[in-house]
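Enquirer: Listed here are the chains, written in short residue letters.
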Amino acid sequence: MKKSTKILLGFLFGIIALFWFYPFIIVIINALKGKRGIFQNPLWFTRDFTFANFKTAYQALDFTNSFFNSLIITVASVIVITLVSAAAAYALSRVKGPFSSILYYLCAGTMLIPFQSIMIPLLSLFGKVNFLNRTSLVIMNTGLSVSLSIILFYGAFQGVSKTLDEAAALDGAYPFKTFVYIIFPAVSPMTGTVVILNAMKIWNDYLLPSLVVNKDGMYTIPLKMYAFFGETNSQWQLALAGLVLSMVPIIILFLLLQKQVMTSVTEGAIK
Amino acid sequence: MLIKKHQYLAFVLPAVFFILLIIVVPFLIGIYYSFTDSNGLRSSFIGWKNFEVLFQDSTFLQSFWLTVKFSFVSVILINLVGLAFALIVTSHNNRLTKSLRTIFFMPNLIGGILLGFIWQFIFTSAFQAIAAAFHLDFFKGWLSNPSTGFWGIVILFVWQMSGYIMLIYVSFLNAIPKNTIQAAVLDGAKATQIFFFIKLPQLAPAFTISLFLTLANSFKLYEQNLALTNGGPYRSTEMISMYIYNTAFVNFQQGYAQAAGIILFLCVTIVSFIQLALSRKQEG
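Chains as they are written, first to last, in our numbering: chain A, 18 to 288; chain B, 7 to 290.
Chain B extracted, bound-state conformation (with noise of 0.2 Å):
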């Protein structure tokens, strides 16, 4: 062995303090928390009423079925649109295409509270105007009203994560032997039949990976759900992170918004070991 115990010990040790000490103490607390009535000063153990209650509270489970619906929903569009830009920019390897790249990928560089308020205004501003000068009501009040406004953070993730799940995709697609591609164009295939039966079967783990990774993504969204709506009209846009953020820092419900936090992660944990399950089937 070359390295020996202790000196094993001191490289293995700060990365251990870092976990331990922010995630893995914080989260066994955490659990402990959901059972009690802390309000962030004191706090008493009352067992599994927190979860009782969360599963009777309205707001709660409203904030989460809009989570689970804005999730689905941004799943299937980010991956639809994610897919065609890899389509795109894979077709011809020119200048246009490497500029389209950078154009679909850029706003994944900006941070969640940025974006909230690009698309505030226009959703506001840019939207009135086009009301207006077309008479089409379809553009009025776009964060005013409930349904309106998740479809307006369903479009600002949209556009956020598209060229994320675009470069998963690219990199796939640039895997497929070059020949094969050849072989089938000059077998006389069609560019259809070319990506229904040769590019689609090579991208099936391109699709677990971007499915999952939009799905947790959708799950934690806090900060463009912040910037764009904050929750309103009557926290009617607002999702389960956020549900937590004001349950524990605004209404000082600590215990309480802990328990919605445990929830979170069972979420996510489940997906992520359906997302296991699924590419391990794939490999064998």
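Chain A extracted, bound-state conformation (with noise of 0.2 Å):
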């Protein structure tokens, strides 16, 4: 390729680049503005330039707390599906029997239902016993995640040697050391991927604990976002300050963890 193509070629993607990243940039120029500067131009910087919006927002979005409760959420839901859906993979890559194909189909089938399918008699199971709060959304999760995360585990299970099963039970295991102490670990690569599929979908979930947790105190950053959107009354500036607190987390995190995110996201769709 002449060099001349390639330059041309390289400022066509970055045009491209800015133009799809111009969403995100609107949004921040805007949060930093007043009411009367959003209404002269919103498509670019104003005279009228103030960090208050954060401030408000910060306080209107309880996000201290907000923050907390879906870390809380987030992290238990993640800990809870990894484990119980390791378990269960490797126990199905292990034993080859009846049990072990029922229970690999049941997981192919409920991956098919959509959960607009299933949340009105779930959410009148739980309502029944009276038991709608942040535990009961952390079961639900889990419920919900495990089918995808066991297939995840499955293959990653099957490309670990049994022999290295069988040199420990001969050394004296039992498989629930085997198990934690050498197959585990042996998966990580796996584990990273479960993790991260699973956190970046409960972390963002709106739907699912607008059901559950819609309380005051138990508000997840989106369930608060959308509560504090309706209270702006079209004070944009307000709820684009929001908006920018609401993605910093997952986009800090992201910027560190690109490459693992991106080949999880890939992985997970792959497979």
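Simulated from the structure, these hints should not be mistaken for lab results. Given the structure is predicted, the values throughout are model-derived calculations rather than measurements. One or more of the hints may lead you astray.
To be verified - Only pairs whose alpha carbons sit at most 25 Å apart, straight line, appear in this in silico SDA-like list of lysine to any residue: (1) K11/B / V197/A; (2) K11/B / L181/A; (3) K218/A / F213/B; (4) K288/A / F178/B; (5) K288/A / K10/B; (6) K218/A / I109/B; (7) K19/A / L93/B; (8) K11/B / Q175/A; (9) K10/B / S110/A; (10) K72/A / F127/B; (11) K287/B / S177/B.
Unchecked claim - Derived, one-sided and incomplete: chain B residues facing chain A with beta-carbon distance under 10 Å: (12) L26; (13) A222; (14) Y228; (15) S247.
As the list claims (entries may be wrong) - A few chain B positions that, by computed beta-carbon distances, are all more than 12 Å from chain A: (16) S44; (17) T198; (18) Q199; (19) R241.
Just so you know, even glycine gets a beta-carbon here, dropped at the ideal spot from N, CA and C.
Dock chain to chain to rebuild the complex, using the hints, since each chain is given by itself in its own frame.
Expert: See below:
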């Protein structure tokens, strides 16, 4: 390729990227303005410049609290999902039999069911025994995520040679010990994938938490952002500052773990 | 056998418990619900009536067709854009293409509610400013009109999903052996020939995966719909998931809403089986 075409192409790609990124830019620019500045020109900076919106939005979003609610729910769910699905997948990959096949097909089958097709009975089931809180949200997140996680782990365990298990058994290790100390650590790349996929899904989820923990004090970031948006009464500068705050945690985490996140997302889709 | 029966059970039972409690049991109850007139408090069995009424309910039919139309348009656009992005970021291996990959993927990190609000600002304030500055009526009132409102959700979804689909195409493009392409270049093949005769055929499985991933996701779309248009104006942009939600939790017609949920399930299942059949064919 000639050097001039190469530069031209690079320039073209740069413009496409800028265009793609512009929605983020426009949100940040207008979060840094007063109401008048947004009215004058929402497309770029105006002389109206302030950081005050962030303070107001931070308080209105009860951000520290919402952040930790999101964090607790995400971390607890991801830990339970990872342990439960890794254990099951390990047994499935080592013991072949009718029960294992049934379980595998159960996982593949339940993955087909859209959440909207079970949310009404699920909610009435938990509502009847008055069990709608953060614990039940973690239980529901687990139930909704184990199927895919088991299938992902199953593929990884299949790739770990059974001679490892046999060697450990000869040394007198029980299956539980073999699993915890030898086999589970051997699939840590897949553990990373399962953790990242589920964490992203649960952190961003709105529909399920809105049905289960839609109460003051238990709000996660998306829930609180939705409520706050209704209160801002088209004061976009506040809503946009709230959006920026809400996006910051996951973007920072992504920039730190870029490569792993992109590999995990690809693996989750292809497997 | 290294793992004894009771040990096996200890490994698998927690997972079985969660799947049964959260998915299988509600699913079975849901099938029963769809044959009742439940309002959340009391219910009685009414046979196929919900389904009969659904197929004459213009709001349901409209949201169903809207979802089908939306899925069709988004699937095409997302895959075109995703493939174009994949070709861009694999064209060279330098810092520019690496940061492009990051930028293209970034919208996928953000949850549906936040995405909806971001685009609500763009379609109202930013578009209004463009309309005023350049005297273009095209940019006026996008979310207060059913047809531009529909395209608004499409644009949002394309922005969100293209980077994700790009990654799938990238992984298949990277799997094409380098010397195949080098050999073609030595034989004097043009870039377009390399694309159509070498890259495209290798991408067939990626197409199946991406098509159906996009399809399944667009059928289940809810949060973006809620935050961007909330189904408005006058329920004209209300897609099937939002229809189910509103019918169940706003109008409290839970049996009726569940019947629509069963129809959604059937659609997703049919689509998935077509995919399975297609990818089996590709492998065989």
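Enquirer: With d taken as the least Cβ-Cβ distance between R241/B and chain A, does d exceed 12 Å?
Expert: 17 Å, holds
Enquirer: What's the verdict on K218/A and F213/B, does the C-alpha distance respect the 25 Å limit or exceed it?
Expert: 24 Å, holds
Enquirer: Can we trust that Q199/B is non-interface, i.e. its beta-carbon lies farther than 12 Å from all of chain A?
Expert: 15 Å, holds
Enquirer: Keeping to a limit of 25 Å between CA atoms, is the pair of K72/A and F127/B held or broken?
Expert: 20 Å, holds
Enquirer: Please work out if K218/A and I109/B have their alpha carbons no farther apart than 25 Å.
Expert: With a Cα-Cα distance of about 20 Å, the restraint between K218/A and I109/B holds, given a limit of 25 Å.
Enquirer: K11/B and V197/A were given as a pair; does the straight-line alpha-carbon distance stay at or below 25 Å?
Expert: 18 Å, holds
Enquirer: Within a Cα-Cα threshold of 25 Å, do K287/B and S177/B meet the stated pairing?
Expert: Distance ~21 Å between K287/B and S177/B Cα, so the pair holds.
Enquirer: When you check the alpha-carbon spacing of K288/A and K10/B, does it fall within 25 Å?
Expert: 30 Å, violated
Enquirer: Does the claim that T198/B lies outside the interface with chain A hold up, using a Cβ gap greater than 12 Å?
Expert: 14 Å, holds
Enquirer: Tell me if Y228/B is really an interface residue toward chain A, meaning its C-beta lies closer than 10 Å to one of theirs.
Expert: 6 Å, holds
Enquirer: Please check whether A222/B passes as an interface residue: C-beta within 10 Å of a C-beta belonging to chain A.
Expert: At 8 Å from the nearest chain A Cβ, A222/B passes the 10 Å test, so the hint holds.
Enquirer: Given the hinted pair K10/B and S110/A, is their Cα-Cα distance within 25 Å?
Expert: 14 Å, holds
Hint violations for this structure: numbers 5, 16, all remaining hints satisfied.
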